[in-house]
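Participant: In case you want the letters, here they are:
Number of protein chains: 2
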Amino acid sequence: MGKLVFVGLGLWDEYDLTIRGLEEARKADKIYAEFYTSVMGGLNLKNLEELIGKKIFILSRKDIEEDPHESILLDASERNIVLLVAGDPLISTTHVDLRLRAVEKGIDTRIIHAPSILSAAPSVCGLANYKFGRSVSIPFPEDNYFPESPYLVVRKNRFRGLHTLVFLDIKADMSRYMTVNEGLEFLIHFDRKKSRPVLKDAILVGVARVGSPEPLVYAGYVEDLISFNFGPPPHILIVTGKLHFKEAEALVKLAGAPKKILER
Amino acid sequence: MGKLVFVGLGLWDEYDLTIRGLEEARKADKIYAEFYTSVMGGLNLKNLEELIGKKIFILSRKDIEEDPHESILLDASERNIVLLVAGDPLISTTHVDLRLRAVEKGIDTRIIHAPSILSAAPSVCGLANYKFGRSVSIPFPEDNYFPESPYLVVRKNRFRGLHTLVFLDIKADMSRYMTVNEGLEFLIHFDRKKSRPVLKDAILVGVARVGSPEPLVYAGYVEDLISFNFGPPPHILIVTGKLHFKEAEALVKLAGAPKKILER
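Going line by line, the protein sequences match chains A and B.
Just so we're aligned, residue 22 is where the first sequence starts under our numbering, counting upward by one.
Just so we're aligned, residue 22 is where the second sequence starts under our numbering, counting upward by one.
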């Protein structure tokens, strides 16, 4: 009897793997990886293969979601299979679905956790995790698709004094990553139409390359961030709600936020 | 010039450390650790010291929060200091505060991220992270302290169809950890007084020992969980809101939730 082990790769490069994840990969009969749900800015596949000492088979979205032959699951029903996934695994619905299909076939599954942007983004800025409301994703707008719903989540959180973690889209073919600036523009598009805008006096935090040796965290008002160059991906945006004094202090000292926010 | 590196230890034991975290610890001139903000059920200090190849100095809450001599910061102003912390570091305000004090003294700081319960708890149950509202902590009740506020957060999230991640208290001297059952009792105490209770028909998920080789996830109604034995710590509780079909399916298949939730 085989098993399917979801091993998280973490945030930035191959050294975000945990010792347990590395051991599990070294023990595997075969290793798959998918990189279409998340960006790992510093990952080098060759280095990762050398570290583990095994070849890694890269899967496309189609391989995981539409594979009619269920070849991963066939493999996992007989052998010890590891699937490497960026971040903490099973955050994406795609992987939950794969796990459920494995369980249905009586295949043992296991999760090896890894660093996730869900905890890393708040912690790198000094924001309190219990002050975050619901998080949201901003999609790349398309001809018939420019939804207001992500903005409305941010707006509701703002009214309640809560922060919002705003995930920025990645094109399925990985050809483009949404920047903090594009994400902000998306939100402002809706905010400026409101009689009671919520972003005008909001402190926003742009975060780039979390987990790398030099993550960038920059906080300020819309006008401070809108044309600021955050550099290479991945990016994430936080729209803050009501800041506790300690949070404001952290944003000033760690993220260059305007000092006047300490007076509020 | 020294630096202060916050290295996350992750969820369960010494093998949750990332490769980067291990390297950073091996390079350090001196290693501190604190274990009072979080429980790591499988951690063995001796093994961790052997893995790193160095002695680890354990700090108490007082050492970090009230140390009048700021000995860690004195150390870090001249040497390369690593502070090992359970989970993803800087989630606790205590560490943010220490980091800010370091920054004020001109000491370089760095964060090495690690697995966190914030992403691991939703992912181990198959719940979608963007459907979580604000999270909350339940404190051990004391003679003059039995606040309704944690319940009210759960209640508001339920009304909005959102899930709540409910952190359970740890006694400062680590003598006691709140169980899922105690956390539930705390919430029910307030819920049963309401004309419109929100927990009666809620699906609750108790999660124990996430990150260990055998995490326990058990989902059901109040009556299913209230006297269920979740075993050794750490525990965490999730009060679900409106379940997506896929989430309900995951709770049935992974957590033993009653099958009738698939019909809703």
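Calculated directly from the structure, the hints in this document are not laboratory data.
You may find that some hints are simply not true.
[Unchecked claim] In the SDA-like style, the derived pairs of lysine to any residue whose C-alpha atoms are separated by at most 25 Å in a straight line are: (1) B:K267 to A:K267; (2) B:K152 to A:L220; (3) A:K83 to B:E270; (4) B:K48 to A:E71; (5) A:K263 to B:E203; (6) B:K51 to A:I40; (7) B:K152 to A:E203; (8) A:K152 to B:F167; (9) A:K267 to B:K48; (10) B:K274 to A:K152; (11) A:K192 to A:R82; (12) B:K177 to A:A223; (13) A:K126 to B:L283; (14) A:K267 to B:S92; (15) B:K152 to A:K126.
[Stated by the list, open to error] Here chain A is said to cover these stretches of chain B; the calculated rule only asks that three of the stretch's residues, wherever they fall, bring their Cβ under 8 Å from a Cβ of chain A: (16) 36-49; (17) 61-67; (18) 103-111; (19) 117-124; (20) 137-149; (21) 154-168; (22) 259-272.
All C-beta atoms, glycine included, are put in the ideal place defined by N, C-alpha and C.
Participant: All the hints need checking, so say for each whether the structure fits it.
Facilitator: Quick rundown of the hints versus the structure:
no.	hint	result
1	B:K267 to A:K267	violated, 39 Å
2	B:K152 to A:L220	holds, 23 Å
3	A:K83 to B:E270	holds, 22 Å
4	B:K48 to A:E71	holds, 22 Å
5	A:K263 to B:E203	violated, 31 Å
6	B:K51 to A:I40	holds, 21 Å
7	B:K152 to A:E203	holds, 24 Å
8	A:K152 to B:F167	holds, 21 Å
9	A:K267 to B:K48	violated, 31 Å
10	B:K274 to A:K152	violated, 32 Å
11	A:K192 to A:R82	holds, 12 Å
12	B:K177 to A:A223	holds, 24 Å
13	A:K126 to B:L283	holds, 19 Å
14	A:K267 to B:S92	holds, 22 Å
15	B:K152 to A:K126	violated, 28 Å
16	36-49	holds (count 8)
17	61-67	violated (count 0)
18	103-111	holds (count 4)
19	117-124	holds (count 5)
20	137-149	holds (count 9)
21	154-168	holds (count 5)
22	259-272	holds (count 3)
Of the numbered hints listed earlier, those contradicted by the structure are 1, 5, 9, 10, 15 and 17.
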